[in-house]
Amino acid sequence: MSLVWLAGPLSGLLIQPVIGAISDDTQCRYGRRRPYIVGGGVLVLSSVAAIAYAKELAHLFAVNSTDNDSVKRNVAILIAVVAFYILDFSINAVQACCRALILDRAPHDQQEVANAYAGRMLNIGSVVGYFMGFIDLVEVFPMLGKTQMQILCAIAGMVFVFSLGITCLSVTEVVPHQENTPGPARKISITSTLQEIWYGFRYLPSPVQKICNVQFFAWMGWFPFLFYSTTWITEVYIRNSRSTDPDIVEDAIRAGSFALFIQSIVSLVTTLVLPMLTEYLSEGKEVQPCASEDSACTKIQKWSSNACIHLFDIHNIYTFSLVFFGTVMLVTYWVGSATEASVIVMLCGISWGIALWIPFALVGEFVSSNSHSHSHSTPGSAANTKCLPAVPESSTSTLYSSENNTSVITMSSNMATVNSEPQEPVLDSGIVLGIHNMYVVFPQFVIILVSTFIFTLLKESSTDSVGWVLRVGGVCSFVAAYLSLKLKPSGA
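With mature numbering (1 follows the signal peptide of the UniProt record, and there is no 0) applied, the sequence shown covers -20 to -1, 1 to 472.
Keep in mind that the hints were calculated from the coordinates and are not lab data. Model, not experiment: these values are computed from the prediction. There may be inaccurate statements among the hints.
Dumping the calculated DSS-like pairs for lysine-lysine here, alpha-carbon to alpha-carbon at most 25 Å [to be verified]:
| hint | residue 1 | residue 2 |
| --- | --- | --- |
| 1 | K126 | K52 |
| 2 | K439 | K466 |
| 3 | K126 | K35 |
Make a model of the complete structure from these sequences and hints.
So this is what it looks like as structure tokens:
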């Protein structure tokens, strides 16, 4: 089981930045991202099928074994673990390229809306997934498989193919390097890719670095919730139940699953309502004067309109969501029943919906605007040209950093272009999102150590050790909220 849990952080730490960097440099007539989306998609489908039919596959491999039952069980476990790793790694590759597509193709002023739609799709998937868990799929869809797992995997595979098909067929990719850079394409190697990630990590533009800092502490709060919320509800349910029914554990687990189902609905509603509200307010509709422009009525209308716009600014919404989540996690100390615990989990859906939307929108807005300004400041250059050296060769670009700014000098054998104005280094969307994801993954390793320490310190179940892990996450969320105050542009 420990090996399985390692798949998530390892895939997020390794695959997303590597695939992001490689796809940034890919020059393929089908696009930069599409080949990796299709390739990753094939691996996802194969691994899902292997997980669903692990027992059947084990029968094929262990057919001549003398100790059939024992060997088949071990082979089935091995197949499931390997398939789970392939699934986690390949789905991270698909996710990295799909997120990068949003940054590549959506204009700067549509990044917020595009990432809101991505958040909605994720929440719709969560709602449908949890809902499927409450249905007897064998009875409803007997033609798709013999077990609940097989049918669930079959449905997930069909939805996955349909979704990726729409993405690959409807999105037109542009390969900036191929269109704007003369000469042969730079060869992609493991060394150059890792070096590119290192330089990107080291010289990450200041606005993106601030977002990553917030994300680090925000996910210090989210990982305990994602890992232990169901366990916490189960413990509260059992601790406060007077029933001696042997099925009480199953009832408690179902209560936790139902709470997560409602939480996913709350999260979906959040990603539906809040983005539309912020978009409506950001249009800056004129306030209709009551009588004269200097009347008290008009002044009140203007003040209330400006207050609403300021209140629903995405930076303020993000800060509020972190404070709200931290507060809810601290309130777990006073929870005394499974119903109260379920309400706590449901309320977290508000902050979760915002977490899937605003951080990616902020990264997207910066990358899009920075790439656009760079393409206009250096005539003839690609909009997405990287200004960080991927390989320490004489033919690539060099970075000169100072305390307050970074100037970029891009050189070739025939010309040298020096930017007259200081600017942030320009990175492609794939590597930026990959590094951003590393800041999401790092907290997972930290929380594993913190939770292990807490569980060791509070061994007795009566001490509510899981609850204390959640509260530590709440404190980290407050730190993230404080850091998020620095995200808002000066003068905004």
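- prompt: What are the numbers of the hints that this structure violates, sorted from low to high?
  reply: 2
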